[in-house]
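Listed in order, the protein sequences are those of chains E and W.
Residues 1 to 253 (my numbering) are what the first sequence spells out, left to right.
Residues 1001 to 1283 (my numbering) are what the second sequence spells out, left to right.
There could be a bad hint or two in this list.
[As the list claims (entries may be wrong)] Simulated pairs of lysine-lysine, BS3-like, Cα-Cα distance not exceeding 30 Å:
hint: 1; chain 1: E; residue 1: Lys120; chain 2: W; residue 2: Lys1096
hint: 2; chain 1: E; residue 1: Lys121; chain 2: W; residue 2: Lys1051
hint: 3; chain 1: E; residue 1: Lys95; chain 2: W; residue 2: Lys1178
hint: 4; chain 1: E; residue 1: Lys120; chain 2: E; residue 2: Lys79
hint: 5; chain 1: E; residue 1: Lys140; chain 2: W; residue 2: Lys1188
hint: 6; chain 1: E; residue 1: Lys120; chain 2: W; residue 2: Lys1005
hint: 7; chain 1: W; residue 1: Lys1178; chain 2: E; residue 2: Lys121
hint: 8; chain 1: E; residue 1: Lys140; chain 2: E; residue 2: Lys120
hint: 9; chain 1: E; residue 1: Lys131; chain 2: E; residue 2: Lys191
hint: 10; chain 1: W; residue 1: Lys1188; chain 2: E; residue 2: Lys131
hint: 11; chain 1: W; residue 1: Lys1276; chain 2: E; residue 2: Lys88
hint: 12; chain 1: E; residue 1: Lys131; chain 2: W; residue 2: Lys1276
The hints are simulated quantities; they were obtained by calculation from the structure and are not laboratory data.
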Amino acid sequence: MDFKTHISVQNLNVFYGNEQALKDVVVDIPDKKITVIIGPSGCGKTTLLKSFNRLIDSIDGVRFSGEVLVDGENILDPKMEVTHIRKKMGLLSQKPYPLPMSIYDNIAYGPRIHGIRNRKKLDGIVEHYLKESSLWDEVKERLNAPASRLSLGQQQRLCLARGLAVEPEIILGDEPTSALDPKSSQRIESKFLQLKKDYTIIIVTHILRQAKRLADYIIYLYLGEVVECGPANEMLNNPRDPRTKAYFSGEIS
Amino acid sequence: MDRRKIEENIFKAIMITSTGIILSGLVCIIATIVVKGLPAMNIAMVTQTPKGGFYLGKEGGILNAIVGSTYLAVGATLLSILISLPVVLYLNIYAKRGSRFVSFVRFSFDVLWGVPSIVYGAFGFTIMLYFGLRTSLLGGIIAVSLLILPIMSRAMDEVVRMVPEELLEASYALGASKLETALRVVIKQAFPGIVTAVLIAFGRGIGDAASVIFTAGFTDSIPYSLFRPVATLPLAIFYQLGTPFPEVQERAYASALILTLVILIVSISVRIASRKFTRNVVK
């Protein structure tokens, strides 16, 4: 499978204190595809994801070396403006965290920060992205209601809309369906499949079936190392490394 | 009955008793104030300043102290908010979480919390001498601010600490800076707790006598300038209780009742006024 690289990780090492969370990770993430990072818990999946938008910065005692090139820029460069990097990426966390404001303001928060003040323009953005995340019909009558009153599934779609509203190129999902019921999970998954034509999507999951449903490209991490990575169908049907085989057959979980 | 069940019952009894002790203490205090103070309560108490011979049992009221205490406590509370909020946001968002410096600052606040208010009064007094200030509303505001700053900061700190890290990350992930996150997300999320912190500090400030005795002074007229002495309710109570006349002592209890009512009214109105801003808090 040929693909254009969007994010290129070069020799990334991440340490928490004396513990090494990621060991010499080298991996290329394809543009406008769904890349799924799988592996047992504690293997560094979330760390890898958070190094893409520099959220690892806020963890105490963290050190990193290596490069993460996004559109050719090394985002791990200490001189990089983190807000500029983060604007390029939307994040969906394990549990949806709506901001403590109304549904409308949740979506408008990002655009406002990045300088859009015009009310009409904001109205348009809010409507557009709520439709994009299939939430509009459920909330259009109560845009000024607190976002925390939505159901969990709705909150996660709100978080998706909120992330999309800053016009990122990349969507990061950290086990984005793990707190949701099956129906809501399915909606999020099908949303990802629609969105991949416009966005590069990277999802962390420990659910193998979810990886099978979504992935174009798979990265298997084990104890902080990339054991194997490649196009999904190749890897799922024909894993090369015995550790990958063991994981797929359920021996490592 | 088995051992675990007995344990359960014993501890439940202890908890209920403790709660009972606190509640009955509160009820007794309020009952004393009401029983002793109510007979001396009249409209003149809250609408007039002391007339000649007020402290000998003649006519007048304590409007000077009601207005004085309100000015002083509101002033000190506002000043303390201006200082506490930046400190708390710094400790929780900018400084490294769990660093030695942060622990040291928290520890200092805990120590300052325990310093007797007369010490703040004396300290405030030396500051005033240094700047050539006399006993005045401003002096009182400074001394009371010193007294309530550690209380307010520490109470706010505890609620801001409770804001989940993931909420901050959600904001950062949208490209927000720390400042934007602090002002637009953290304060909103912690707002009910911040209001509580402010009210606790306000209550402590308006009720304190020792910190204002050297710094705010006392006067029978209503304050009109930051640089003039002001009367305060705690001192009005103190002076009236100190007279040998039973009818004046009764008025002291009436003054205590008024002080309690002022705190009650302020607390309730602030809660009502802030309700609008708390509906968005994420549970």
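Verification of the supplied hints:
Under the criterion of a C-alpha separation no larger than 30 Å, the hint pairing Lys120 of chain E with Lys1096 of chain W is inconsistent with the structure, at around 40 Å. A C-alpha spacing of about 64 Å is found between Lys121 of chain E and Lys1051 of chain W, which places the hinted pair above 30 Å, so the restraint is violated. As the CA atoms of Lys95 of chain E and Lys1178 of chain W are separated by approximately 22 Å, the hinted pair is consistent with the 30 Å bound. Straight-line distance between C-alpha atoms of Lys120 of chain E and Lys79 of chain E comes to about 36 Å, which puts the hinted pair past the 30 Å bound.
This hinted pair checks out: Lys140 of chain E and Lys1188 of chain W have alpha carbons roughly 24 Å apart, not beyond 30 Å. Only pairs whose Cα atoms come within 30 Å are accepted, and Lys120 of chain E paired with Lys1005 of chain W is rejected, the gap being roughly 64 Å. As the CA atoms of Lys1178 of chain W and Lys121 of chain E are separated by approximately 26 Å, the hinted pair is consistent with the 30 Å bound. About 16 Å separates the Cα atoms of Lys140 of chain E and Lys120 of chain E, which keeps this hinted pair within 30 Å; it holds.
This hinted pair checks out: Lys131 of chain E and Lys191 of chain E have alpha carbons roughly 11 Å apart, not beyond 30 Å. With a C-alpha separation of about 27 Å, the suggested pairing of Lys1188 of chain W with Lys131 of chain E holds against the 30 Å cut-off. Of the pairs offered as hints, the one joining Lys1276 of chain W and Lys88 of chain E is violated, with about 34 Å between alpha carbons and a cut-off of 30 Å exceeded. Of the supplied pair hints, the one linking Lys131 of chain E and Lys1276 of chain W holds, its CA atoms being roughly 29 Å apart against a limit of 30 Å.
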